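Engineer: So the chains spell out like this:
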Amino acid sequence: MTIVEKILNRINRPDLLQVLSDELTPSELNSLLLEVFNRQTGRLAPAELLQHYQKNRFVKPADTNFLALRGLETKLLQLFETFQFKAIELSPVAPLGSCSVVATADQQKILSALRGTEVLADATNALALHVSDLKKSGQWKPVSPTDQLRFSTIQRHVRTPKVAVAGHTQHFKIGCLVSSGRDTGSFQFERESLAEHLAVVTAVLRDALRMDTLRFKLIQRSEDGRLLEQAKDHLLQRRPDLVIETETAPNHENHYYKGLQYKVLITVGGQDYEIGDGGFVDWTQQLLQNKKERFLITGLGVELLFRLVS
Amino acid sequence: MNKGRVIYEDEAEPHFRLAHPSPALTVFVDYYFEVNQPATLANPLYLNGLPNLSNLLCISLHPQNWLSINQKTGAVKTGHGSRLLGNLTDLHTSIYPAGVHEFYVKFKPGMLGKLFHFQTQEIENTHADLSILIRPDELEEQLQTVPVFHERVRLVETLLLKRIQRVEVNYKLKIVQAVLQKFGPKTANREQHLSKICHELGVSYPSLHRYFNETLGYSPKYCQKLLRFKNALQLYQRYGSRYPFEEVGYTDFSHFVKDARQLTQRSPSEL
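Protein chains in written order, with the working numbering: chain A, 1 to 310; chain B, 311 to 581.
Worth flagging that the hints you see were computed from the coordinates, not collected in a lab. Take the hints with a grain of salt, since some may be wrong.
[To be verified] Distance windows between CB atoms, simulated:
| no. | chain 1 | residue 1 | chain 2 | residue 2 | range |
| --- | --- | --- | --- | --- | --- |
| 1 | B | I317 | A | S112 | 54 to 62 Å |
| 2 | A | V268 | B | D562 | 32 to 40 Å |
| 3 | A | P240 | B | P554 | 27 to 35 Å |
| 4 | A | A62 | B | T350 | 30 to 38 Å |
| 5 | B | E448 | A | D212 | 40 to 48 Å |
| 6 | B | G384 | A | P61 | 26 to 34 Å |
| 7 | A | V268 | B | Q347 | 28 to 36 Å |
| 8 | B | D447 | A | N30 | 51 to 59 Å |
| 9 | B | E451 | A | K141 | 46 to 54 Å |
| 10 | B | E451 | A | A62 | 45 to 53 Å |
| 11 | B | P333 | A | P240 | 42 to 50 Å |
[Unchecked claim] Partial chain A-side listing against chain B, Cβ under 8 Å, derived:
| no. | residue |
| --- | --- |
| 12 | E192 |
| 13 | A195 |
| 14 | E196 |
| 15 | A203 |
| 16 | K263 |
Since we're looking at a predicted model, the values are computed, not measured. Positions of the beta carbon are idealized from the N, C-alpha and C atoms, including for glycine.
All chains should be built: construct the whole structure from the sequences, respecting the hints.
Structural biologist: In structure tokens, the structure reads:
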């Protein structure tokens, strides 16, 4: 019996969940929950509030040097913009389901909120929505078929699973790059956008932060290995200075990325760190209902990076 | 690993063009040059700036984003378009994600400060927007509309000639320039050379040291070391480690490598 079933049995309202989730409109449910929370906070004493603060693992401040971290963020955003990835600041909340509707992400791992929102758990999903909105509303129109939309951001993310690794926190800063384009054949978008993301990450980690151990691992995420082969050949031809490893038969299945995933690896103090992760996803295809849409995402662990360089 | 490369005066056209100043400007300007190198976001252009004494005005003919990294301190500077490049004490790597098409005026050491009334050391390792000196929009627009390099040179010379009329070049500056001229390619052993130069110019070494410090902010030996290294690196890139580095003032190849590490924190092959 699940926790929810136990609660429903205890209050003797076995159909309550169905009523709330199926019979009420989202707006009605929101009004109902707002009233519930209003009553709950009305009963809350300041001393209890402090107790909640002390117990709640999501609400504590980050244990980083704020100004120094902000300095690194500014440096990174300037670098992103130099490479034409327009920096934008996202809302701290995204529409409810931003991650779980289009990606293989469990809604339980995301802090769902009221008024049809959830606390930002993955900025690349929010950027996919922003890009799709620009395209669908006609605010951005490509001049040529190969034109791309490029955005970057650095946002604090909140994820609900209890952290198991010492030093990890419930909320953390991630730097994100996204490229959105259209399929023009021969994996042109995939090859070029991947090379661009790797060029930015190289400028950040190897050139600006002087991490000479930087290397990339391309991982095949489809039955067909042509994308991996073509992307690798393209990269080796354009950037012989990059260290690129490949994995054609990965140990773990991953349905998050479509066709190709890549990892950003560095070694600091003799220890290997997976400082970044990226790949192709079909989110804009789903959002815009167009199979020709292509979307590449990259996430860079800015807070971990800060801890490693400071 | 791509660590960038140094552009020398003998780079091949059409990506590099060079012109010398007219006689009236030779005291102020070393030369004019233009770099026109394409690049893509996926494969940006990396250029290295060696430690040097020169001040450069860089006017963007096709304004693009650029990124400059001080390889010693790690300081990162980003910007867009025209800029002022101060004399460098550290190796700087510039990254141009969308290529570069820029026109440069390379001033003789200390002379840009004379023209714009500042001490050379004030702009040490500066990689700043040109607007701190002049209004670049007008100059950019003028140079961008001129179709060819030699016409751009003529236009810039006209502007500079107006400005130099108000500038007086004193005795100390003339001596410093004469010494720097002698630090050019293929200098002999530096110790003998400096004393010989002092003798030739009829100035004592302490006086020369003072003139250099007042004019450039550096000692004659340091300036000689920078210019010797620049020349030797070009020879290394052309002929490799077997070149007789004794001919350009080094004890041997190891001495040259030691200088490279000291000045740039890199081995010559990484420059």
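Engineer: Take the C-beta atom of P240 (chain A) and the C-beta atom of P554 (chain B), compute their distance, and say whether it sits inside 27 to 35 Å.
Structural biologist: Roughly 32 Å apart at Cβ, these two residues keep to the hinted range, so it holds.
Engineer: Starting from the hint 40 to 48 Å, judge whether the C-beta atoms of E448 (chain B) and D212 (chain A) obey it.
Structural biologist: Cβ of E448 (chain B) to Cβ of D212 (chain A): about 43 Å, so the range 40 to 48 Å holds.
Engineer: Could you tell me whether the CB distance from G384 (chain B) to P61 (chain A) stays inside 26 to 34 Å?
Structural biologist: holds, 28 Å
Engineer: Identify whether the interface hint at A203 (chain A) stands, where standing means a beta carbon of chain B within less than 8 Å of its own.
Structural biologist: Interface hint status for A203 (chain A): holds (6 Å vs cutoff 8 Å).
Engineer: How about A195 (chain A): closest beta carbon in chain B under 8 Å, or not?
Structural biologist: Because about 3 Å separates A195 (chain A) from the closest Cβ in chain B, which is inside the 8 Å limit, the hint holds.
Engineer: Can you tell me whether the CB distance of E451 (chain B) to K141 (chain A) sits inside 46 to 54 Å?
Structural biologist: violated, 29 Å
Engineer: Range hint 32 to 40 Å: satisfied by the CB atoms of V268 (chain A) and D562 (chain B)?
Structural biologist: holds, 37 Å
Engineer: Measuring from beta carbon to beta carbon, are P333 (chain B) and P240 (chain A) in 42 to 50 Å?
Structural biologist: Taking Cβ atoms as reference, P333 (chain B) and P240 (chain A) lie about 46 Å apart, which means the hint holds.
Engineer: Was the hint right that K263 (chain A) lines chain B, CB cutoff 8 Å?
Structural biologist: violated, 19 Å
Engineer: State, for the Cβ atoms of A62 (chain A) and T350 (chain B), whether the hinted interval 30 to 38 Å holds or is violated.
Structural biologist: 37 Å Cβ-Cβ, so the 30 to 38 Å window holds.
Engineer: Just tell me: holds or violated, for the beta carbon distance of E451 (chain B) and A62 (chain A) against 45 to 53 Å?
Structural biologist: holds, 47 Å
Engineer: Taking the Cβ atom of V268 (chain A) and the Cβ atom of Q347 (chain B), is their distance within the range 28 to 36 Å?
Structural biologist: holds, 34 Å
Against the hints set out earlier in the document, violations occur for numbers 9 and 16.
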